[in-house]
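Peer 1: Given only the sequences and the hints, what does the whole structure look like? Please build it.
2 protein chains.
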Amino acid sequence: MAMPGDKKTDGLPRVAVSAGDSRGVGPEVSLAAVRDPRVLAACRPVLYWHAGLDRPRDAGDVVVCGRGDAGPARAALDCLEASVDAVRAGEAAALVTAPVSKERTAAVLPGFRGHTEWLAGRASVDESDVVMIFSGPRVRTACVTRHVALSAVPGSLSIRDIAWSGLLLWGHLHWELGIASPRLAVCGVNPHASDGGILGHEEERVIAPAVDDLRAAVSRLGGATDLVGPVAADAAYREHVLGRHDGVLAMFHDQATVAAKLADPFLAVNLTAGLPFVRTSPDHGTADDLASTGRADHRSMREAILLAARIASCRSGLRHRLDDLRAALRG
Amino acid sequence: MAMPGDKKTDGLPRVAVSAGDSRGVGPEVSLAAVRDPRVLAACRPVLYWHAGLDRPRDAGDVVVCGRGDAGPARAALDCLEASVDAVRAGEAAALVTAPVSKERTAAVLPGFRGHTEWLAGRASVDESDVVMIFSGPRVRTACVTRHVALSAVPGSLSIRDIAWSGLLLWGHLHWELGIASPRLAVCGVNPHASDGGILGHEEERVIAPAVDDLRAAVSRLGGATDLVGPVAADAAYREHVLGRHDGVLAMFHDQATVAAKLADPFLAVNLTAGLPFVRTSPDHGTADDLASTGRADHRSMREAILLAARIASCRSGLRHRLDDLRAALRG
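Here the protein sequences line up with chains A and B, keeping their order.
Residues 1 to 331, numbered by the numbering used here, are exactly what the first sequence covers, in order.
Residues 1001 to 1331, numbered by the numbering used here, are exactly what the second sequence covers, in order.
The hints are simulated quantities; they were obtained by calculation from the structure and are not laboratory data.
Please note that a few of the clues may not be correct.
Said to hold, decoys possible - Now the stretches of chain A that chain B is said to cover, found in silico as 3 or more residues with beta-carbon under 8 Å: (1) 100-114; (2) 235-244; (3) 260-271.
What the hints assert, rightly or not - Restraint ranges, calculated between C-beta atoms of paired labels, are given here: (4) Arg-299/A / Gly-1068/B: 51 to 61 Å; (5) Val-1125/B / Pro-37/A: 58 to 68 Å; (6) His-1201/B / Asp-289/A: 21 to 31 Å; (7) Gly-1243/B / Pro-37/A: 21 to 31 Å; (8) Gly-1068/B / Arg-326/A: 51 to 61 Å; (9) Gly-1222/B / Glu-127/A: 50 to 60 Å.
Each residue gets a CB set at the ideal place from its N, CA and C atoms; glycine is no exception.
Peer 2: Here it is, written out as structure tokens:
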């Protein structure tokens, strides 16, 4: 079945790239990435660029957005909105977003907490249905809770959200990366996964039942998985980079991001699973101090486009399976 | 001034090595480490070994401990007690402990929560005065909270404990590793170090004041430091392995241990700072599944002995400075 977003030109998927906040490195890493030979071999990038910036040459397809006198945060939002509209209209097969500043964006769009939450709203998807996955050469990991204060993490964990996050990570590994029987480790939330209940009870009460539900859901989908957990997060990531797990499900932000950024510096890609379209981004922020210094590294942006193109070309990707996944979890 | 624990033989410091729980890999990695040529070039190891195990040959000095019919947890405690007594009596200059099982040890010694806390009690040091530092070739990091449930972390953070932990990490880098002006990053406890208060308030209320106190204390000691924080933990560790910080202060266990174990697999050493004697251990647990398979890796144990020997030979180490450090923090 043809799906919105699958339109291609010259056999290559079109990938919409929003240039991000121009006070940071977004526009320069976007530009370097859409000119990268590896990107041009994999897709047709379309760059959504601010009217207020010089129009780049040798950048392929460029869509100029917004008003020339818009500030950097407003201009970044104009690019983002136009690029999302293109993906939702099927004019591009995937969306890649260069970084915006949460603080500056919230100043022009009150309530803005980040691309992930904003995109969920735009796609009418519940925030708890989208999952942040970091997919890189050495580490592939998702986190159950995301942008919440640490004090809210233990109370925010639910059996359903843990199982759903694990299922999306499993699906990414299986359908999008082609791993037949993904081996997953599910982290505990407490040190040493609570050491048998000495250091907390979430492992026993919430995480262990979620591991059972996840195993059952994968089985209902006809899939196979070698699933361990809850296990200590530090051991899980070490075993992962040593090749004993294909992916790790973290319970909170820093478990996942410390691992991804350390193991795959400048090569980790942030993938938003659970949306009806493909969306990736680099694993860094606006890095204002590096803007226009010539020292910004465009590799994570390049990898984000390459992964988006790969997933866009995958006709059995997660975005086509969301109803099946929900049904499998319900049992 | 000659200090207890500084006695030497043949010019090399004596290092007491407790063999750990024999249901795990402790005895075999201890034995492999005390036979390692690099270890023998750096110190005189003394192996504290269970009466119930075959006495090893070609292992240098061996002290046999406990009763032959003691179970593995009791036997490990017998070795631990004898080796600590030796260090406290000045018969050895440092202590290195192979892993014990928290669960099995607590079964024979109710209330046991780990070597670190047990050693603090044995040395009559307040638990909040000892700090767990991971010191490896790529990552050097300490954590302010340690073996507590994640839900207790935000409420356990105090300005004093953060500043004290940072000061011990600074002292380790400066006096024991010889870094003239250690550059430190102090992590936030929340994702993105709370993004300016959007994701929590501990950064503003507790961590930022502690960074000020830490800066003042280092200055009072006549030292220098390039101190940043609170900063996002994931960025801090990435900058650290890229060489832009000499050490990172984490707020909780998994921030530090995920980074240390990923960046320095089998080479990270756990150093207990704040004790009146030198104590290190490998960064792994008993790993029962690897015991007697021939697959246990003794490198972290070897590195633990090498670091203990190095610090024991350092006459200006942290253990000699604790009073000065406390005074510097009081102001």
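Peer 1: Determine for every hint whether it applies to the structure shown.
Peer 2: Consistency of the hints with the structure:
Note: the segment 100-114 of chain A has 4 residues with beta-carbon separation from chain B under 8 Å; the three-residue rule is met and the coverage holds. Counting residues of the segment 235-244 of chain A whose CB falls under 8 Å from any CB of chain B gives 5; the rule of at least 3 is met. Coverage of the segment 260-271 of chain A by chain B holds. Counting CB-CB distances below 8 Å, 5 residues qualify, and the rule asks for three or more. Taking the beta carbon of each, Arg-299/A and Gly-1068/B are about 60 Å apart, inside 51 to 61 Å as hinted.
Between Val-1125/B and Pro-37/A the C-beta distance comes to about 60 Å, which sits within the given range of 58 to 68 Å. Distance hint check: the CB atoms of His-1201/B and Asp-289/A are about 25 Å apart, consistent with the given range 21 to 31 Å. A hinted range of 21 to 31 Å holds for the C-beta pair Gly-1243/B and Pro-37/A, which are about 30 Å apart. Between Gly-1068/B and Arg-326/A the Cβ separation comes to about 60 Å, which falls inside the hinted range of 51 to 61 Å.
Taking 50 to 60 Å as the suggested C-beta distance range, the pair Gly-1222/B and Glu-127/A conforms, at roughly 51 Å.
Of the numbered hints listed earlier, not one is contradicted by the structure.
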